[in-house]
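Protein chains in written order, with my numbering: chain A, 1 to 316; chain B, 1 to 707; chain C, 1 to 115; chain D, 1 to 209.
One or more of the hints may lead you astray.
[As the list claims (entries may be wrong)] Computed list of lysine-lysine pairs in PhoX-like fashion (alpha-carbon distance at most 25 Å, straight line):
1. A/Lys256 with A/Lys270
2. D/Lys96 with C/Lys71
3. D/Lys100 with C/Lys71
4. A/Lys246 with A/Lys229
5. A/Lys262 with A/Lys229
6. A/Lys229 with A/Lys200
7. D/Lys100 with B/Lys652
8. C/Lys71 with B/Lys234
9. D/Lys96 with B/Lys234
10. A/Lys152 with A/Lys256
11. C/Lys76 with D/Lys97
12. B/Lys668 with B/Lys599
13. C/Lys76 with D/Lys96
14. A/Lys133 with A/Lys200
15. A/Lys82 with A/Lys152
16. B/Lys652 with D/Lys96
17. A/Lys256 with A/Lys293
18. A/Lys200 with A/Lys82
19. B/Lys607 with B/Lys652
20. B/Lys234 with C/Lys76
21. C/Lys71 with D/Lys97
[Said to hold, decoys possible] Examples of chain A residues toward chain C, derived with CB under 8 Å:
22. Trp118
23. Lys128
24. Met197
Hints listed in this document are in silico derivations from the structure and should not be mistaken for laboratory results.
All C-beta atoms in this analysis are idealised placements derived from N, C-alpha and C, irrespective of residue type, glycine included.
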Amino acid sequence: MKRKKIPMFLRFFALIPLLLLGGCNTEHFWLFNPKGPVAAANLYYMVVDVVIMSIVIVPTVIFTIWVISRYRASKKAHHDPKFSHSNGLEVLVWGIPIIIVGVLAFFSYEGTHAVNPWNPTVITKNPKYADTKPLEVDVVTTDWQWMFIYPKQHIAVANELVIPVHTPVHFRLTSTSVTNNFYIPQLVGQVYVMPGMRSKQSLVATHTGEYHGFSAALSGGGFSWMDFKTKAVSEADFNAWVEKVKQQGRRLAYPKFAAFAKPTVNLAGKVHYFSDVQPGLFAEVIKNVRDGKLQYATPMFLTENMDSKEFKQHSN
Amino acid sequence: MLVDLQGPWNPIFGRLGLLLEVHYNNPIIFFAFMMVVIGGTAALSWVTFTGRWGWLWREWLTTVDHKKLGIMYILVGLVMMLRGFVDALMMRTQQAMAVGPDSPGVLGAAHGYLPPYHFDQVFTAHGMIMILLAATPILVGFMNLIMPIQIGARDMAYPYLNALGLWLTVAAASLVMIALFVGDFSHAGWVGLTPLTELPYSPGVGVDYYLWSIQIGSIGTTIGAVNLIATIIKMRAPGMTWGRLPIFTWTTLASNIIALTSFPVLGVALALLTLDRYIGTHFFTADLGGNLMMYTNLFWIWGHPEVYFVVIPAFGFLSEIIPTFSEKPLFGYVTMVLASMAIAGVSWTVWLHHFFTMGASPGVNSYFSIATMLVGIPTGVKVFNWAFTMWRGKLRFPTPMLWAIGSLFLLITGGMTGMMLAVPAINYLVHNSVFVIAHFHNMFLLIVYAAFGATVYWWPKVFGFKLDEYWGKVFFWLFTAGTLFVFVPMYTLGFMGMTRRLDYIPHTSWEPLLLLEVIGTGFYLLSILAFVIQLGVSIYNREKNRVVASDAWGTSRSVEWMTHTPPPFYNFAVTPVIHARDEWAWRREHGLTNLMPEKFLDIHMPKNTAVPLIISFFTLVCGFALVWRIWWLAAATFAAIIIAMIIRSFDKDTDYIIPAAEVERMEKEIVARAEGRIPAGEPAPVGGGAGGAYASKRTPTQRRDND
Amino acid sequence: MSHANSNPIDHPEVQLASPGAYLVAYAAALGAMFLELWLVVAHVLSPISLTTAITVIALLVITVQMYLLFKLDLSKTQIWFTVSFIMTAPLIFMSIGLTIWMFITLMQRTMLPGM
Amino acid sequence: MSSHDNAPVDPNTVELWDYEDHGHDFIGTRTLGFWLYMMSDAMIFAALFAAHGVYVRNFAGSFTSQEVVHPMNAIWPTVFILSSVMTYGLGMVALKKGNKSGVVNALILSFLLGVGFLLMEWREFSELAAMGAIPQMSGFLSDFWTIVIAHAAHVLFGLIWMAVMIVQVAVNGFDQNNVYRLLNLKIFWHFQAVIWVSIFTFVYLFGAI
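This is chain A alone, in the form it adopts within the complex:
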């Protein structure tokens, strides 16, 4: 039949997107461009994992394709209609996956400890960072903004994170409303930011530059705008920046924070600086969330209307 030709031709159409893999600009592949040891370790384990699996998957794919082309009925190849069991092959089909999974299990165990958010051994066991005094940052997410508190420096920044390079940064994270997910692809993997709980994360930036950070867990309407820039700067620049923020002189105590935590969409990408931050603010936020004293209900008209006029009323 003549018209049978068309679907054969269509098949090659299907392969076009594969070309993309070769042709793309690698600069945008954040996962392949780590700028710190934690993200680099993540990438390392990804490569190891893929390479080990390829050892079995590539031959399997080749074998399957070969079987499909070799044993089509038209080829009149050897047909063995009784062949359904072979002890040797059974050992092979169970043995290979067991060995591969065994090897991967070892790397998985090792990797879990290497990038454990509470105590990533790629940082804590690394002699390079043993003498560096770590920077502490407390992260609080609201609906739908980020507050980065530097407790030792008594400053705070909303929607922007500034860190010095080659210095371990230890985060304590919590949320005032719903669960968010702290994620800077080029520096560190994800960890949940949960209300009433304190999670931890650690990272080191090895290159100065600006990296994208965002929340990776759905938290409601303003979630897509929960971006923050992560600026990794030199030690000196960092100190200068701290001084600059300190001079702004806007005090951040709990009542002011509670006002900040009202549902707000960061449509305009605004950054706020605070100095003179109340000590123990982070713990007070957790305590109040746990006691049910810090909670803003999402207004009904916001969730029910199919129009973003009201949504914009809640933006900054």
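Once you have looked at the hints, place chains B, C and D on chain A.
Relative to chain A, chains B, C and D alone:
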């Protein structure tokens, strides 16, 4: 009221007053509403003008025939899949439109055409519908349709419960469709992330729709699971030992063991969340001793086994299709059975990998990581076994085989990315990113491919004619183009760091790939068109493609090919005796393909009943009343459900017997029809995927209970 | 025709009923509950051993009930009851055990008092 | 484990169709299905007990478990539910002998003991509500109320079923349907004893430690 509700409430109408306050000035909803009205009116008018109400009622709405229930399950699944696909189209176009701060916004949205909460509802509905109301019913439908014939049974163990399971699924689907127009749907993701689903953050009725529709649907699935397991254990034909059970029946068993034990856990998770929302308990709140990760935990105790609940039957399809078109028995039957059971067992020990990033200790994460990878062993075994089944075979490539091979390659890629996700060190980077989305769509597409393969494979058995091969191939290749165009860019975006559920895309570098994905959805749209044409052409040409042989493909192997095509409503005139693992292949080899028994016996069949339909209708109303907090209506319909069950329990007139002479007459007629001695145009009293015509036309000659 | 044993009372599962088994199960369960209560009220054991003791007693009672009330054994009529129970029991223990394990470690890490 | 029997088959003697048609064991099929449902129900309680393990100390500054849970009082519902299960068992013994009035009497006794169990729970929870220990107070109280009331709801459903069965047996005697329903109710009712043993031990006694 027990909790602080935003918005109005009154004792008679509950929260329905909300509808007056909230303005739906969105043309999309209006358009969808018009489509449903037009479609519904067209369907109802067709039924009315062709005078088919009686037929519809007798043959379909009150039937307890497992084949018809199976067909209806699949039909419900396909309709809901279309709805889920429209949701997917909206998501892909919104994301492609809303890139960067300068992107335009229309229809009241700031970017794209869907405001955030509308977009959130779209992806929540998409996820929930595709898994619970599309994949699950389609697979349960195939189990219903094929499995009882495969084990040589007349019907399921509990035909009445079978109908109840279907109609409860329909009630759940109806509730979701009602949510489209009356109120709104959940906007918290198909997993129902707490505390986002708690009343303060989801003050409307959307989450309540989500909770009750899943709750109703999962009761239906649990009932189905009880039925399918009991059928496999108790209803096998003589000689059908466990070692001879067809592989699809084995996978049905494995996946229903999962359904039976995991759906209750989902029920509990949703019930506790319901309590939080309705009476103000503190299970998943952040305050007053609640633990919000506990919901996630309970949800995934169900959720992960559920993934295998839908994938294992797909493996069963492959294990039926590949041997048939390789003209060889399945390689490593015992291994395949063990592998299915192993997947079912291990699936219960791995659920934390859905929230590695919760911050559990490295010990906990390592344990769940390694447990997850163990699933890779039986899955790898299955891939090897299928390859060795084709090895030294005599391969033909009609559409079922194409779908099966597509499915096999999807399993290989999906399995590989799954093993990547199982490693916490990698998972931290790609969790909640579109890499995960690409991975699990990859896996679900494997199921879709297998299910389309199964549709073409078993279509002639059920309807008596083959589907058109040309349009089937067009459908396959267009669908495959869609798969590649959507999911290769999606994997790529995952490596670029894009996360899921974004209604606004802040990074312009992602735009070209998002546009490619839209092209992919275009291919999917065309493929659906091709599918519709395929069905249309096949039905139009059904006489040309008529299959009269019991075995439509000539090389099939299991028992379902051993009865007439299409099977009469009693499946087998006389229960077959099984002698070998692939009984039909065995009989073919020994020249025993005559389907006509020497003598006939009385057949005992269940009678049609409307009770499942009535109970499900009350359940739907009860669910609606609970969503809108109309307590009196909820209480009244709940009481009505209990009363309907009690009344049914007093009904003793539930079965009838077909006398042997009548069976003989029907069998001879079927053979005459197959040999062309009766013109095909004549209306068939039996057949057509089965009877019920007989069941409803005649009065029972004998009751089951003579006490 | 389709039912060899026309009198449903002759069904083997009906014939399993035995007054002795029910009475023993009753006495064992009630006795064990009073024993547990006494152990708790009388404070004769340390909290750890008390917890262990009453857990073991409860599991023993449930085992006895499974055997005497449900007659779970490997006989032809009962085998599938036993098999389905044996396949479900690990799932029960796993879902409870793993949940508690992961939440104890999570709480130790995220819900420190005063934090 | 070869899939094909290679021994020659005589087409004239091989038995292809089952002319004996033994049918299937109707009662056995019904009870097995109900037992499978019971396994499903067991998973409901497994999830609730898992939740209990998580919420057991989440008092949130409200009532502690020692203030709320009183095993000395809970022992009496224990006596009632276990006795009810035992009398139902004796009803099964009467069924074995085909003794209709024996079955009806045992069911009535079992029903009354079950009602007694529910009344005691009702009293316990009204006392808790009166002292303000309502489920809205804390995660622990939410969990405590839910797990105990989930069991009570099962008992209530069992009692409705039992009432229906008393009528059914009185009207229709021991036909096939009634026999399998009595066996299923036996499974259901005995199962409530198993769950109560767990609740008494892991909720009441653990809570009092």
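Which hint numbers doesn't this structure obey? 15, 18, 23
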